[in-house]
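Peer 1: Below are the chains, spelled out letter by letter.
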Amino acid sequence: MYQVTDYVGMIRDQVRMEPYVEALRRSVKDTSVVVDIGTGIGVFALLAAQCGARKVYAIEPNAAIQIARDLADANGYSERIEFIEGLSTAVSLLERADIIVSDLRGVLPLAGKHLNTIIDARTRFLKSDGILIPQLDVLQTAVVEAPELYNDHFDGQASGYLGLDLRPVQKFMINTWRRSRPTDAQMLTAPCEWGRLDYHKLMSCDLSGELELTAHRNGTANGFILWFDTVLTADVGFSNAPGGGAKGYGSAFFPWPAPVPLSSGDQIRIQLRATLVDDDYIWTWETEVSDGSKPAKTKSQFKQSTFFAQPLTARLLQRSSAEFVPLQTIEGSIDRFVLECIDGCRTQGEVANKLQERFPEYFSSWRDALTRVGEVTSRYLS
Amino acid sequence: MSIPFESRVSVPSGVLVSEVGLESVFLNLKSESYFGLDEIGTRMWKLLTESSSIQVAYDTLLQEFDIDETQLESDLDELIQKLVANGLIEIVRE
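So the sequences go chain by chain: A and B. For reference, each letter of the first sequence is one residue, going 1 to 382 in the working numbering. For reference, each letter of the second sequence is one residue, going 383 to 476 in the working numbering.
No wet-lab data here; the hints were simulated from the structure. These numbers come from a predicted model, not from an experiment. Some clues are possibly wrong.
DSS-like, lysine-lysine: derived pairs with alpha carbons at most 30 angstroms apart [as the list claims (entries may be wrong)]: (1) A:K171 x B:K412; (2) B:K464 x A:K171; (3) A:K247 x A:K113; (4) A:K113 x A:K303; (5) A:K29 x A:K171; (6) A:K113 x A:K171; (7) A:K303 x B:K428; (8) A:K297 x B:K428; (9) B:K412 x A:K201.
Chain B on its own, in the form it takes in the complex (with noise of 0.2 angstroms):
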């Protein structure tokens, strides 16, 4: 199921991230679990996480890179529905 783009992001207190380079790696204090991004998205995340909902970093996102319109709304819904999924951000319906 898609994720409504006018949502905002936040991310759980217990997510903790730290930037290597371009890229980052996450713990999840809850599932004591470790996970990464690669530089694409890592700038995924922290435009998500920034920004005051999932559409104005779609839109930046789109300015950004030479994709097609399709294809990063895909491609960001996919990367939003891993990081739901596995703790790291949460859903913040306005």
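Just chain A, same shape as in the assembly (with noise of 0.2 angstroms):
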């Protein structure tokens, strides 16, 4: 979750803020309905106001939105801009969108449910020739040298940090990828294309493809970079490239489970898949180095994914079996009570009182009880 000065440092990244602008301004006119999917502050929902857009819907889950609000109101926007408070997949518009902004992504755009959300948007809000923003983001990779990087990431858990033995934990880390700000020098290789994300045609979560990089110099490489370059509208775009990209995303950084020695002219084969189980990405790379002169020689070979990276005990695993019965936790009892309380009649200080009364070892005092409530409302109802 975003906490407001995180919103704040994205829009101060004019790295990342003068290519939305400009996006907005190309795209926006005097008819446009804009969808605003994820507003935060609201700061594009104001933009495309400030652009001159009939209306713009603002969507947002966090309670930043009240920010949003309040900057519509010092800004004199306040009638164009409707706010949202919720998950846009759980929204209905009155009518449909000629344009939707949004930046939904994470260090890269394969993060949690943004692909799931754009669809969606896309298919629910957004008229046959409406406007994304973005349209592309096209994932770029590179083999990186970055020695502090990488003992940064993992090597200390395993030289005996403090007088302990930390190896069991390197299996988690080199399985863990990690955000990185890299610089055009550390690159092994010239950036390869993995991908591209057309948010126009994009109908599956799910990215995954085969990558050929060449070092083009001698070098130690620890792993290598994802970043996404994005065109938001037309020739309107910008790059997270290293040593030059927008501030807040960075790259994501990839290790290997032990430095690699190149040669120029070597051959590096990586087939990296993004695959989305229920709320997050299993991240999957296999990666093959050969030698440059002797083709037909593997120098390495590591086959690594994120899954291997999950903490599991047997209890957890014996809890997701399909033979598993679960038993009423107190926890789970109490939110029950409360939920069967509700009947669109009570107020919330009328079900504290009976829960006050129901459990009364567990709420010493109504204004306990009250707080228990309104987490539950938060959580199951409107």
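Given two chains presented individually in distinct reference frames, assemble the corresponding complex, making use of the accompanying hints.
Peer 2: Below you can see the structure in the form of structure tokens.
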């Protein structure tokens, strides 16, 4: 969940913001209906209104939407911007939009439910000739020599740090990618395109592809980075490539289990796959490095996945089994009682009275009971 | 239908396996589904996927466990059928 400081950081990132402003300027007309998905503190919505949009729907589940309302008041756009608190996938609009603007990416566009949200919004909110901002994200990779990043990532876990043998942690660290900000001088290969997310055509949230890279100089490779370049509209966009990208995103660094000495001309083949499972992506990267002078000779071979970085216990496994018989906990009983008390007539205060009466050992004060009722209603009810 | 024991078992590329103690958890990226195997199932899986044929895995299991031949054959066949049905292994007939 973003904090207000995160939103402010994003809007202060000029490499990101200026192209978004330009894309809105070129796209918005005085007849336009604009939907801003994940509006945050409302900046895209405000800019759309500033560009003359007839109507803007600004959708955001985070309480930051209140700041967006205040900003709309302060800038005189309250009448043209309708703020909707909630997830866009749970929202219905009375009219279709000419433009949908969003930035729900994390470090990468393949983040959580981002693509699902865009597909849903495109299908339900956008006119057939409508515009999506962004239009396209292009994912790029390069092999990097990044010993500091690599050592910071997990070397300390294995080498007797604090006098402890931390090798069991390695399995998790080498199968985890992290945000990074390498320089272009650290790249041992030219960038190579992994895939494209064309938001007007996108049907699947998964992406998979094989990369073939060639070392252009000698060095010790620690893994590869993945970043995106974006086309917001027509020829407006920005790049997150090392050495000049937007501040907010960075690159994802995918480590290898061991550093690999590369000579100029060595071939690196990577099968990279991102699969949305439940609410998050499982990333799998299979790497094969072969000698440039003897292509049949494999120098290194790795198979890694964020799946291997998920701490699991036998108890967790047991609980996910179809044969597992769950038992109601006291927490579940409390939630169930609250839901049963909500009948469309009782106030939250009245429900809190009943809750405290029913579970006096858990709620020593009416205020505690009211807090719990509030938590339950915000989770399940409108 | 029984799987011929002279066949070999291979693991599809989209299947990931992580061991948790003596048990294991599987993720089939194609179906985006998780599966679990208990200690005995995990041992069977390891032998099946590391042996040159199902028969070799069967012979090893027969030595390791105090179990009737017919029962083991039936149990192993049932496990293989379930693993195949969930896309966690492929049968290679040679």
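Peer 1: Decide, hint by hint, whether the structure agrees.
Peer 2: Status of each hint after checking the structure:
For the given pair, A:K171 sits about 24 angstroms from B:K412 by alpha-carbon distance, which is consistent with the 30 angstroms threshold. As the CA atoms of B:K464 and A:K171 are separated by approximately 29 angstroms, the hinted pair is consistent with the 30 angstroms bound. Annotation: proposed proximity of A:K247 to A:K113 holds, straight-line Cα distance about 23 angstroms (limit 30 angstroms). Using a Cα cut-off of 30 angstroms, the hinted pair A:K113 and A:K303 holds, with the two alpha carbons roughly 26 angstroms apart.
Pair hint A:K29 plus A:K171 does not hold up; C-alpha atoms about 53 angstroms apart against a cutoff of 30 angstroms. A C-alpha spacing of about 27 angstroms is found between A:K113 and A:K171, which places the hinted pair at or below 30 angstroms, so the restraint holds. Distance check on the hinted pair: A:K303 and B:K428 sit about 18 angstroms apart at the alpha-carbon level, within 30 angstroms; holds. Using a Cα cut-off of 30 angstroms, the hinted pair A:K297 and B:K428 holds, with the two alpha carbons roughly 29 angstroms apart.
A distance of roughly 21 angstroms separates the Cα atoms of B:K412 and A:K201; the hinted pair therefore holds under the 30 angstroms criterion.
Checked against the numbered hints given earlier, the structure breaks only hint 5 and satisfies all the rest.
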